[in-house]
Structure formats: structure tokens, C-alpha cells
Amino acid sequence: MRNLYIAALGVAAMTVTSIGTVFAAEDYGKYQVEDRRSGYTYAAKETQAIQDDNFENPAMLWVDDGSVLWEQAEGEVGKACASCHEDAADSMKMTGAEYPKHNPKLGKMQNLEQRINQCRTENMKAKPFKYESAEMLGMTTFVRHQSNGQAMSVKVDGEVAPFFKKGEAFYNQRRGQLDMSCKNCHGDNSGNMARANMLSEGQSNGFPTYRLKWQKPGSIHRRFRGCNKNIRAKPFGYGSEEYVNLELYVAWRGRGLPVETPAVRN
Amino acid sequence: MVKRPLVVAAIGISIALSLSLPASAAGLVKYQIKNNAIAASLTGKAGDPVNGKKLAINRKKGNCLACHSMPIPEQAFHGNVGPDLKGIAASYSEGEFRLRLVDPKVLNSETIMPAFYKAAGFNRVMKKFAGKTIISAQDVEDIVAYLMTLK
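Listed in order, the protein sequences are those of chains A and B. Numbered according to our numbering, the first sequence terminates at residue 266, and the numbering increases by one at each position without gaps. Numbered according to our numbering, the second sequence terminates at residue 1151, and the numbering increases by one at each position without gaps.
Derived by calculation from the structure, the hints in this document are not laboratory data. The reader is advised that the hints may include incorrect statements.
As the list claims (entries may be wrong) - Chain B is nowhere near these chain A residues, computed Cβ spacing over 10 Å in every case:
id	residue
1	Gly-29
2	Cys-84
3	Lys-105
4	Arg-115
5	Ala-134
6	Gln-177
7	Met-193
What the hints assert, rightly or not - Covered stretches of chain A, as calculated for chain B (at least 3 residues, CB under 8 Å):
id	segment
8	181 to 189
9	230 to 236
Said to hold, decoys possible - Within a straight-line C-alpha distance of at most 30 Å, the following computed DSSO-like cross-link-like pairs (lysine-lysine) qualify:
id	chain 1	residue 1	chain 2	residue 2
10	B	Lys-1128	A	Lys-229
11	A	Lys-183	B	Lys-1151
12	B	Lys-1128	A	Lys-213
13	B	Lys-1151	A	Lys-229
14	B	Lys-1151	B	Lys-1127
15	A	Lys-101	B	Lys-1054
16	A	Lys-79	A	Lys-45
17	B	Lys-1127	A	Lys-234
18	B	Lys-1061	A	Lys-183
19	B	Lys-1151	B	Lys-1061
20	B	Lys-1127	A	Lys-213
21	B	Lys-1127	A	Lys-183
22	B	Lys-1128	A	Lys-183
23	A	Lys-229	B	Lys-1061
24	A	Lys-105	A	Lys-127
25	B	Lys-1061	A	Lys-234
26	A	Lys-166	B	Lys-1054
27	A	Lys-234	B	Lys-1151
28	A	Lys-234	B	Lys-1086
29	A	Lys-213	B	Lys-1061
30	A	Lys-166	B	Lys-1151
31	B	Lys-1105	A	Lys-213
32	B	Lys-1127	B	Lys-1034
33	A	Lys-166	B	Lys-1127
34	A	Lys-130	B	Lys-1127
35	A	Lys-213	A	Lys-108
36	B	Lys-1054	A	Lys-213
37	A	Lys-216	B	Lys-1128
38	A	Lys-105	B	Lys-1061
39	A	Lys-165	A	Lys-105
40	B	Lys-1105	B	Lys-1127
Because the structure is a prediction, the values reported are computed rather than measured. Where is the CB? At the ideal position from N, CA and C, for every residue including glycine.
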């Protein structure tokens, strides 16, 4: 309602100020920080409504599954995540906003999926979850959900800088038979229509995101692979260094936006 | 290695790229760019505007509607990444349209519009499409013929 009202005002303002500045017509509230807007603000009202209602949001089932896994002892050590991290609402409050992070032991960036598997294999002596498995989607959706509302705030300087540069280069590199970069669509054309799709800024703050098209949540790497395939480019692997660096750069592009996992999109 | 000196000269930067390419550009029709246009038909045959319109709609072919609005009201969704093409025949000649479809990057290296008749010089193309053009030479001619009807 409020948005509609403001939009109407905006139109009025445009007709009055025949020349010169046109005022921003919409107030996106917490979903906008400076010139950056969450994909939420580009989504249809009906889609937003599904995300907003925890009972309707189908991805909350995965959050529930994750909460069960959190408490479940697994592996030779006989420990659960909760054995070390206790209440996720406290211990994971910033996690979703701060990954990918630099891992000094690995000498490279590590995303949330990889951190979870490191805990499983090293601290629990349990099998790693497969990327995109129900368990991994449950766990990552649950963990990032704990950070909801926190401002995306990946570190990009110091030892992270070279990885950030690689992610940025990937973002701007054209690829595929259609010869397009991420920037071509999400940097230069956000707000424009690509046939029936409104191009958003390609922000990652809502991932894992439930896509109506997928009928389940998917990781940000699944989205990267989809965008790469759409331009007829060979996708990189789940958890590949290329995508982890890209994930870092994309998270930085959305700096300040609130984590909103699990988001719902078309 | 197929020699396409005129095209290579026009693009300049693609020289380095094309050196390392397999002979995948083989089979592509040679063409000449003059005055920002490709004057001659790629196939020597006239284009079919009725088929051209179909190709412009087809998501696996031209998919022009992804980015452009066109006077095709029976199709529901038109993009607005590029300019509206209604009445566009008033602004361009057949040869100018042809170059824009074959390789618009010759005119504007920054453009998002794909090169529809180019098979090499790309980065990480999916295997299925590697060494291939998005549409055939006759498809280009058909779409050009359709664009010429947009008076």
C-alpha cells in the first residue's frame, strides 16, 4: 500500500517538474542500501508475499530440516554442530553475512558449504555433505537464516584482495556463445526486461533461494551455473575456486543489504 | 585456418584470439564490411521475411524479443534491453542490418547484443555450441528481410 502511494506521488512529482531531476519514485525500505537493491524489490508482489510469510515460504521446511541436523550427532567423534556451536541463533548470527572467508590453512577463500564440510570431516569425523544435497541445502539454509537482517559484510582487503580481484574479473568477463558478462545483465541492465524476466542486480543476499521454477532451494553456485548456461557458456563446478571467488565479489556488490535467507524468486 | 582479412582488420583485437582457434570458423560464409555494412547477401539468395519473423521470435534462434520490442503484438513479452525496432527500416539499409546481425561488436565493442553469425573468438563456449554460429547464413538473410518490412 505504502509503496503504491509513494509511486503515485512520484508520478505526480514527475509531471510537475517537467525538466530537471526526477525523484526516486519508490521506497524500498530495508531492501535498498545506497544504490543497491535486493532481488526482492524486483520480484513480483505475489512472490514477495510468499517469502514474507514464514508459513507460506516453502523453503522454511529446509530450515527446519537444518535445525534437526544441527542437533544431530554424527561421525566417529559423536558430536553435533550444537556440541561446539550451541545455540545457532547466537553463534551463527554473523556467519551468513560474512562468508566466503579467507581460510589461512587452505590459502584461499572458503564458502559456507565448504566450512560446514570442514567441520564435518575434521571436527566430527563425519562424511562431507554433497553439494546441492538435501542435507547441505538444509544446513546452509538454516545457518544463513540465523543471520537474517544482518548487513552483508564480506572482508575484501588484506589477504582477501587477490581473490576479490579474481572474482571481479570473472564478473566482468564475457563468456559463452552469447558473449555476455554478469555485468552486462546485472550491472548495466538491472530493471530492464529480458523478455518476461525483469533483470535484477543479481544479488546473493537471499541464498540459498527457493526458486518457484526449481521447486526447491538452490545454492548460489547453482544460480551461477544457470546464468552461465543461459549464455551458452561452460559452467564451472559446484564449489570451484572460480565460483567461490565470484561469490565473494557478488557478496561485496551487495554489501549492506540484509541477509534474507531463504528468499523466494521466480 | 580460414582467412578473413577484412573482418579481422575491422575487429582488430580478435587477431590474437583467432590465432589459437581450431579451424572451427571453416564453413562460414566470407563477407566484406564496407561503410559499416555488409552489402552482399551471405547466401546469394533473397531472405524470406515471414520466416525471419518466426526466427526473431524463436528463443533458440534469433530470440530478438529477449531484448527488443518489435511490432509483434501476438507475442506477450518483449524485452527493453535494446531499442524498440518498430519503424527501424527507416533508419538502416539492408547491408547495415546484415552487419548488425552478423557481428554488432564491429560497430560497438561494448554492446550486449550477440554476434549471430560468428563462430570463434569466444570464451568457454559450451561444447554443444562450440565452433558454431547462433543462426545460419540464410537465417540472417531471413531476419534482415523481416527487418526491412518494419517501415
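Checked hints:
Non-interface status of Gly-29 (chain A) relative to chain B is upheld: no Cβ of that chain comes within 10 Å, the nearest being about 26 Å off. The non-interface label for Cys-84 (chain A) is consistent with chain B: the shortest C-beta to C-beta separation is roughly 40 Å, beyond 10 Å. For Lys-105 (chain A), the shortest C-beta to C-beta distance to chain B comes to about 30 Å, beyond the 10 Å cut-off, and the non-interface label holds. The Cβ of Arg-115 (chain A) sits about 28 Å from the closest Cβ of chain B, beyond the 10 Å cut-off, so the non-interface label holds.
Distance check for Ala-134 (chain A) against chain B: the nearest CB is about 28 Å away, which clears 10 Å, and the non-interface claim stands. The beta carbon of Gln-177 (chain A) sits about 4 Å from the closest Cβ of chain B, which is not more than 10 Å, so the claim that it is off the interface is violated. Taking the minimum C-beta to C-beta distance to chain B, about 5 Å, the non-interface status of Met-193 (chain A) is violated against the 10 Å cut. Note: the segment 181 to 189 of chain A has 4 residues with beta-carbon separation from chain B under 8 Å; the three-residue rule is met and the coverage holds.
Under a criterion of three residues with beta carbons nearer than 8 Å to beta carbons of chain B, the stated coverage of the segment 230 to 236 of chain A is upheld, 3 such residues being counted. Between Lys-1128 (chain B) and Lys-229 (chain A), the direct Cα distance comes to roughly 11 Å. Compliance with the 30 Å bound is thereby established for this hinted pair. With a CA separation close to 34 Å, the supplied pair Lys-183 (chain A) and Lys-1151 (chain B) exceeds the 30 Å bound. Distance check on the hinted pair: Lys-1128 (chain B) and Lys-213 (chain A) sit about 24 Å apart at the alpha-carbon level, within 30 Å; holds.
A distance of roughly 36 Å separates the Cα atoms of Lys-1151 (chain B) and Lys-229 (chain A); the hinted pair therefore is violated under the 30 Å criterion. About 39 Å separates the Cα atoms of Lys-1151 (chain B) and Lys-1127 (chain B), which puts this hinted pair outside 30 Å; it is violated. A C-alpha spacing of about 49 Å is found between Lys-101 (chain A) and Lys-1054 (chain B), which places the hinted pair above 30 Å, so the restraint is violated. Proposed proximity of Lys-79 (chain A) and Lys-45 (chain A) is contradicted: the alpha carbons are some 43 Å apart, above 30 Å.
Between Lys-1127 (chain B) and Lys-234 (chain A), the direct Cα distance comes to roughly 7 Å. Compliance with the 30 Å bound is thereby established for this hinted pair. Annotation: proposed proximity of Lys-1061 (chain B) to Lys-183 (chain A) holds, straight-line Cα distance about 23 Å (limit 30 Å). Between Lys-1151 (chain B) and Lys-1061 (chain B) the alpha-carbon distance is near 23 Å, which keeps this suggested pair within the 30 Å criterion. A distance of roughly 25 Å separates the Cα atoms of Lys-1127 (chain B) and Lys-213 (chain A); the hinted pair therefore holds under the 30 Å criterion.
Simply put, Lys-1127 (chain B) and Lys-183 (chain A) have alpha-carbon atoms about 23 Å apart, close enough for the 30 Å limit, and the pair holds. Distance hint between Lys-1128 (chain B) and Lys-183 (chain A) is fulfilled; the C-alpha atoms sit about 24 Å from each other, no more than 30 Å. Our distance criterion of 30 Å between C-alpha atoms is met by Lys-229 (chain A) and Lys-1061 (chain B), whose separation comes to about 16 Å. At most 30 Å may separate the alpha-carbon atoms for a hinted pair to count; Lys-105 (chain A) and Lys-127 (chain A) meet this at roughly 20 Å.
With a C-alpha separation of about 19 Å, the suggested pairing of Lys-1061 (chain B) with Lys-234 (chain A) holds against the 30 Å cut-off. As the CA atoms of Lys-166 (chain A) and Lys-1054 (chain B) are separated by approximately 41 Å, the hinted pair breaks the 30 Å bound. Simply put, Lys-234 (chain A) and Lys-1151 (chain B) have alpha-carbon atoms about 40 Å apart, too far for the 30 Å limit, and the pair is violated. Between Lys-234 (chain A) and Lys-1086 (chain B) the CA atoms are separated by roughly 35 Å; this puts the pair beyond 30 Å, and the hint is violated.
For a cut-off of 30 Å, the pair hint linking Lys-213 (chain A) to Lys-1061 (chain B) stands: about 23 Å separates their Cα positions. Distance restraint check for Lys-166 (chain A) and Lys-1151 (chain B): the Cα-Cα separation of roughly 47 Å exceeds the 30 Å cut-off, and the hinted pair is therefore not satisfied. The straight-line distance between the Cα atoms of Lys-1105 (chain B) and Lys-213 (chain A) is roughly 33 Å, outside the 30 Å bound, and the hint therefore fails. Between Lys-1127 (chain B) and Lys-1034 (chain B), the direct Cα distance comes to roughly 33 Å. Violation of the 30 Å bound is thereby established for this hinted pair.
Restraint check for Lys-166 (chain A) and Lys-1127 (chain B): satisfied, since their Cα atoms lie roughly 24 Å apart, inside the 30 Å limit. Our distance criterion of 30 Å between C-alpha atoms is met by Lys-130 (chain A) and Lys-1127 (chain B), whose separation comes to about 26 Å. About 33 Å separates the Cα atoms of Lys-213 (chain A) and Lys-108 (chain A), which puts this hinted pair outside 30 Å; it is violated. At most 30 Å may separate the alpha-carbon atoms for a hinted pair to count; Lys-1054 (chain B) and Lys-213 (chain A) meet this at roughly 26 Å.
Annotation: proposed proximity of Lys-216 (chain A) to Lys-1128 (chain B) holds, straight-line Cα distance about 28 Å (limit 30 Å). For the suggested pair Lys-105 (chain A) and Lys-1061 (chain B), the alpha carbons sit about 48 Å apart, so the restraint of at most 30 Å is broken. A threshold of 30 Å between alpha carbons decides the hint, and for Lys-165 (chain A) with Lys-105 (chain A) the separation of about 20 Å falls inside it, so the pair holds. Distance hint between Lys-1105 (chain B) and Lys-1127 (chain B) is fulfilled; the C-alpha atoms sit about 23 Å from each other, no more than 30 Å.
Checked against the numbered hints above, the structure breaks hints 6, 7, 11, 13, 14, 15, 16, 26, 27, 28, 30, 31, 32, 35, 38 and satisfies the rest.
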